[in-house]
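The listed protein sequences correspond, in order, to chains P and F. Under our numbering, think of the first position of the first sequence as 1, with each following residue one higher. Under our numbering, think of the first position of the second sequence as 1, with each following residue one higher.
Heads up, some of the hints might be wrong.
Pairs involving identical chains hold if they fit within one copy or between any two copies, as the list cannot separate such chains.
[Unchecked claim] Only pairs whose alpha carbons sit at most 25 Å apart, straight line, appear in this in silico SDA-like list of lysine to any residue:
| hint | residue 1 | residue 2 |
| --- | --- | --- |
| 1 | Lys-105 | Thr-117 |
| 2 | Lys-44 | Gly-66 |
| 3 | Lys-44 | His-123 |
| 4 | Lys-44 | Glu-31 |
| 5 | Lys-105 | Thr-60 |
No lab work stands behind these hints: they were computed from the structure.
There are 2 protein chains.
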Amino acid sequence: MPSQSPMDLALTLAEEAAAHGEAPVGAVVMEGEVILAAERNRMKALGDPTAHAEMLAIRTALQTRGTGRLDGCDLYVTLEPCAMCAGAIAHTRLRRVYFAAEDPKAGAVENGIRLFTQPTCHHAPEVISGLGATRSETLLREFFRALRS
Amino acid sequence: MPSQSPMDLALTLAEEAAAHGEAPVGAVVMEGEVILAAERNRMKALGDPTAHAEMLAIRTALQTRGTGRLDGCDLYVTLEPCAMCAGAIAHTRLRRVYFAAEDPKAGAVENGIRLFTQPTCHHAPEVISGLGATRSETLLREFFRALRS
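Just chain P, with the same shape it has in the complex (with noise of 0.2 Å):
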């Protein structure tokens, strides 16, 4: 039986996020078959706006891996990546990035500033968006709707 595909796994950190007051968002750094990281949202908990899934991923990736860079590696993440995070995930130099919802507001990748297509941007990773996202946005909408109720 196939184990839990990576956005899979990421959508079910994004759901755990959800259930400790977290905005939902979930992200999995892949080596080929391994995982080297998985993460999500805890901006709250640590009391730092920039806890994002994908940051505490990348950096825990890079403490697994031990090479100083992520090359070859492949990032699994619920939501688009904002400015900040897509600036890390440039600078780690991740192969892929696959994201599931858009983020219109904030997003940074297919939104908004659209980094990886900026001169000043010296890596870009390949990206394939909308694996997953019907489930994202489900949880995003979802959780968002019940803070304003």
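Since the structure of chain P is already known, use the hints to place chain F on it.
Just chain F now, with coordinates in the frame of chain P:
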């Protein structure tokens, strides 16, 4: 006798970075007269290309302050922040950013994406550039010249 100014402290940290083989960048977060954080680049030491002086200083300042934000606080950094660091500055709602040298190749404040002017950026600090620029530019030039020789 007046104590060292925040930018002088950041420049001293940049020199310390260079002495350890790191690109010379230092960053200080102040709340009024209080130093919340004073950090320098540690990308090589930590094997982490995201360990920019600003990111480390922002995380340390958040821990020191414990309020989950840096509103009312000011960042002094010896080089124009990149997209990642500019994103972190916006997320943490820093009041003011002083940067010394411009970075036409990777800067994201007065060069490149000019993040704080973008509609997808939800907090724009006041920006003051140029303070300490000559000393920072000299440090950077000498560091990269030595690397190439």
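For this session: Hints the structure violates: just list their numbers, smallest first.
Result: Result: hint 5 breaks, nothing else.
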